[in-house]
Every structure is written in structure tokens, then in C-alpha cells.
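Once you've looked at the hints, dock chain B with the ligands against the given chain A.
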Amino acid sequence: MSGTDGSTFLRMENLGLAYHGKPALEGVDLEIRRGAITALIGPSGCGKTSLLTCVNRLIDLVPGARAKGKVEFQGRDVLDPRADLFALRKRIGMLFQRPNPFPLSIRRNLELPLREHGLRDRAELAATVERTLRDVALWDEVKDRLEKPALALSGGQQQRLCLARALALEPEAMLMDEPCSALDPLASGAVEDLIVSLRGRVTVLIVTHNLAQARRIADDVALLWLQDGVGRLIERGPAAAFFAQPKEEITRAYLSGERG
Amino acid sequence: MSRGRAADRLLALAVWVSVLAVAAVFFWILGSLLWSGMGRVTWAFLTTAPRDAGRAGGIGPILVSTLLILGVCMAVSLPLGLGAAVLLSEFAEAGSLFGRAVRRSLDVLAGVPSIVFGLFGTALFCQALGLGYSIFAGGLTLACMVLPILIRATEEGFRSAPSEYRRAAAALGMSRASALWHVLLPAAAPGLLVGLVLGMGRALAETAALLFTSGYVDRMPESLLDSARALSIHIYDLSMNVTGGDPNACATAVVLVALLLAVNGLAAWMTGRWLSRRVLPA
Ligand SMILES: Nc1ncnc2c1ncn2[C@@H]1O[C@H](COP(=O)(O)OP(=O)(O)OP(=O)(O)O)[C@@H](O)[C@H]1O
Ligand SMILES: [Mg+2]
Chain A
1 MSGTDGSTFL RMENLGLAYH GKPALEGVDL EIRRGAITAL IGPSGCGKTS LLTCVNRLID
61 LVPGARAKGK VEFQGRDVLD PRADLFALRK RIGMLFQRPN PFPLSIRRNL ELPLREHGLR
121 DRAELAATVE RTLRDVALWD EVKDRLEKPA LALSGGQQQR LCLARALALE PEAMLMDEPC
181 SALDPLASGA VEDLIVSLRG RVTVLIVTHN LAQARRIADD VALLWLQDGV GRLIERGPAA
241 AFFAQPKEEI TRAYLSGERG
Chain B
261 MSRGRAADRL LALAVWVSVL AVAAVFFWIL GSLLWSGMGR VTWAFLTTAP RDAGRAGGIG
321 PILVSTLLIL GVCMAVSLPL GLGAAVLLSE FAEAGSLFGR AVRRSLDVLA GVPSIVFGLF
381 GTALFCQALG LGYSIFAGGL TLACMVLPIL IRATEEGFRS APSEYRRAAA ALGMSRASAL
441 WHVLLPAAAP GLLVGLVLGM GRALAETAAL LFTSGYVDRM PESLLDSARA LSIHIYDLSM
501 NVTGGDPNAC ATAVVLVALL LAVNGLAAWM TGRWLSRRVL PA
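Chain order of the listed sequences is A and B.
Just so you know, my numbering puts 13 at position 13 of the first sequence, and the rest follows in order with no gaps.
Just so you know, my numbering puts 352 at position 92 of the second sequence, and the rest follows in order with no gaps.
Next comes chain A alone, as it looks inside the complex (with noise of 0.2 Å):
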């Protein structure tokens, strides 16, 4: 598809996590294309968002929760405790289920992360808040109220003011968890129009329970699944071959609403 050069962006190799010492994902090999839209598909509870996590070391949040393997970016192990998570979560950044802007103004909560990166200059804050406001269609929306509360705007518009929030520190890549499924169709029909619209621009790795946008959106596919109790990376490959011939009977039975 168009902009995805096909090289690799990130290789996960045998990475593992285990909370307090149970292991909820093993062995998992997965390489993300740059530039390019990866669903990660798989019933409840067979860790996507803990895959997610592992990226950007979010996990680090979660106590009692342990990193195996290798995340490969750039050249280096993302899972390495020296790995600067500063740099590391500029350039991977992450969209939740759940929209969480701050409990701030709209403009704060553009301007806060950008000002933590060191971006002062306040005409060029203003510029990015308006470009990168427009770059998910809330500008209009918004414009005349950018000091009042993001809590006050609804839930799609939530959701793009976060989209927003993370594209303003030009990420190179962006994690996504289910970032439509708290939406109402048409809110999360325009948040997947502009998942669409980073294609080329930024690589994105989607969780989503929706085989039909998986279907929409993804140029990748991979499915885990929980056997053993524990998450397994079960297929991947690309969207097209992935859902038209599934080379695996689970991924089979997935698909067609068997299981899952």
C-alpha cells in the first residue's frame, strides 16, 4: 500500500511478560512494518494490551509485572533498563480506550506534553496546537474554546483531542488500544478515518475487536490467542492473504465466529 517502504520498524523477538511471576504472553515474534497499519486481533484477556505496553515500557507502570526477550527498535532493545523511556515514549506514542485527556484546558493539554519536550516558544506552541488540531478535523470544533476544560468535550472528540495530544510530538509510531470501542459509530467512524489517514506517515499497531475495521484498515494482521492460559502469537501476515486464506485452523475459526 502506498508509503509503507516494507522495511521493519520494530521486532519483537520472544518477548514474554509475566505478572507476578504468571505469564500472560510467551514467545511472541512479530515484526511491524514501518509506516504501515498492523491489527492485533484475539479474544479477551490473551494480552494485546499487554503486548502494547511492552512498546513503550508502559509496563514499567504495573508492579509486579516482568519483560522477557527482545523488543528491537532502531538498532536497540527497547526492554534494556538503561533504554531512554523519555525518547523512546516521544517516538512511540499511545492512544487509549479510554479517552484521558488531562483535567485541563483544551490548549493545556496540547501544550503540556509539548512543553515537557522543550518546545517553549509560544508562537510556535500555538502554531503546532492549531496544526495538529486540524490534523484530526477538531479545529473548527474547538477554536473558539480552546480554554475551556477538555472533560467537557464528548467522547469522540475526547478521543482526537488525545489522538491530537500524541501526534503533536511527531511520533514515529502509534499504539493503539481499542481506540474506538468506548465510541459511539459515527465518533469512532471518524476516529478510524483518521487512523487511515496516518497511513504511510506513521506505523501503527491497533488493537481491535473488530474483525469488520480490522478488515477496513489493517495492512497486517496478527492474531493471539490464549492456550494454556497463556498468550501465543498464532498468525500473522498480511491483511489481504491473512483473511482470505488463514493458513491456521484457529485463525479460521476466528474469523468465522466460531470461537473467540
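Worth flagging that the hints you see were computed from the coordinates, not collected in a lab.
Treat the numbers as computed from the prediction; the structure is a model and nothing was measured.
C-beta: ideal position from N, C-alpha, C; glycine also.
Watch out, some of these pointers could steer you wrong.
[Claimed, not checked] Pair ranges (Cβ atoms, derived):
(1) Arg120(A) x Ala281(B): 56 to 64 Å
(2) Leu186(A) x Ala272(B): 34 to 42 Å
(3) Ala182(A) x Trp529(B): 34 to 42 Å
(4) Gly64(A) x Ala272(B): 47 to 55 Å
(5) Gly343(B) x Gly189(A): 45 to 53 Å
[Unchecked claim] Footprint (simulated), chain A over chain B, 3 or more residues, beta carbon under 8 Å:
(6) 424 to 433
(7) 466 to 479
Only chain B with the ligands this time, still in chain A's reference frame:
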């Protein structure tokens, strides 16, 4: 009328009666105080020194002393309280032994009678640290007393800030410190305010702990190391030890209540302003 409706009405009635009862008690106290004390509260009363053991004259030095003691108390307890609350809520893991031990001790401390704090203050600040009967000693003792309340309320405030904010901030590459300062603190502000108001209220109303630490000299203090008399002690002294002191005791009580209301109002106003600059509540 169906039984359900009747039950609803009964409930509504019960709620209203209790609300009215509470309000009535409040206004009764306030009313009787104002009735007997308000007439004497004049500018002169607020600014002149007491004469004839307080039967005549005003409460100027006492008002100044009270504010100084409160100032010392807040200057010490606010930063300490905020720091401890941050430590407890953000850095001590939820179930850790350290966190639980500190929290339990604070809860016990918050319930300790003030006279115990008074004795402790006398022993530590007045004697061991050689501050003698002084505004300093009184303020520090009050700080010890107020700290548990302040810490626990502030900690609750921080805890009630959804952990989503922490994750969102972390995912944006923000440091813990700036997430704390820019996001969690505004979100915790209401809790902080409650702690502050409760703490100041307790400090202003305190008599027993101050009797032993700041003393009851009713002269205008010249430094923080002078002994001084707080409003609550003045009221106590006038009504217990001075025959004919009741009218001025009432007037002083009016001033004390007014001060309390003013402090509450000021705290609410300041938090509101601060919030509207940073958070803009709807
Ligand atoms: N903080 C945690 N502490 C302990 N166990 C956890 C924690 N978070 C997740 N788990 C466990 O890890 C496993 C995978 O959870 P995860 O949230 O990654 O699944 P998921 O695929 O995202 O599920 P869903 O589709 O419901 O969001 C589950 O068994 C879950 O119970
Ligand atoms: Mg999940």
C-alpha cells in the same frame, strides 16, 4: 396514594427534618453568639489591647498573636504535608509495609487528644529545643497536630485522581514529577483544600495544646520567640477565670468564628482561582 409514594414522601420528610435540625443548631449557635457578642465588636475592640484582665479594652495583640501562630503552623505543615502526601500516594506502593505503617500511625495521630500534643510540644519545643513559651513553639505544636489531617486528606485527593492520568502522562514521555505537578496536583486540589480547611479550623480552635506551648501573655508580641495568647485561650480565660469577662468572651468568639469563615472563604477562593488558571473546571 400507593405505598411506594407514601414511603418516598416519608423519606423526603425525614431528610428535610434532619437537614433543618442541623441548620437550626448552626444558626442557633451563631445567632446567640452574635446576639450577645456582636454589639461589642468594633474597630476599637479589634485594635486595642485588653485592660482589666480582659473585661475591658480589646483584643488587638491577641488577634495578631493568633495570626502569627497560624502562620507558623501553616508555613511548616503545608510543605511537609504536601511532601508526605506525595510520598505516600505516588512513591510508596499501595500495599507496602512502609505505606501501611505510616498511614496507620497518621490515623492514630489524627485522633490523639490535643492536650497530648500540648504536653509533647512543651517537652520537645519549649524545653528540649529551648524555645520556651513562644509563638514558635505554639505554631510548631499545632503543625504536628494538623499534619495528620492534612496529609491524609491530600493523599486521598491524589489517590482519587484517576490512574489514567498517570498512564497518559507516562505514555507522552512526561516525567513523574511534571505529571504530579501539572496534572495530578490540580486534580487533587479539592482534597488539598478540604485538608487545609479542616486543619486550619482545628488549629484556630485549639486551646489545650497552646496553653502549654505559646502561653497566655496578652501583650503585643515583639518576636516569634515571645509568649503570646491565642483567641481561643482568651475566650477560655475570660469565661473561666475572670468574673465579668463573659461579654468580651462572646465578642471574641464572634471574631474567632468570623476568622474561621474568612479562612475557609479565602482558601476556597484561592483554590478556585488557581484551578481556573490551570484546570478550568466546567
Ligand atoms: N495489572 C495486571 N496485573 C495482573 N495481571 C494482569 C494485569 N493486566 C493484565 N493482566 C492479565 O494478563 C492477561 C492479559 O491481559 P490483557 O489486558 O493484556 O488482555 P487483552 O488481550 O488486552 O484483553 P481485552 O481484550 O479484554 O482488553 C490477562 O489474563 C489479565 O488477567
Ligand atoms: Mg486490552
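Against the structure, the hints come out as follows:
no., hint, in the structure
1, Arg120(A) x Ala281(B): 56 to 64 Å, "holds (57 Å)"
2, Leu186(A) x Ala272(B): 34 to 42 Å, "holds (41 Å)"
3, Ala182(A) x Trp529(B): 34 to 42 Å, "holds (37 Å)"
4, Gly64(A) x Ala272(B): 47 to 55 Å, "holds (49 Å)"
5, Gly343(B) x Gly189(A): 45 to 53 Å, "holds (48 Å)"
6, 424 to 433, "holds (count 10)"
7, 466 to 479, "violated (count 0)"
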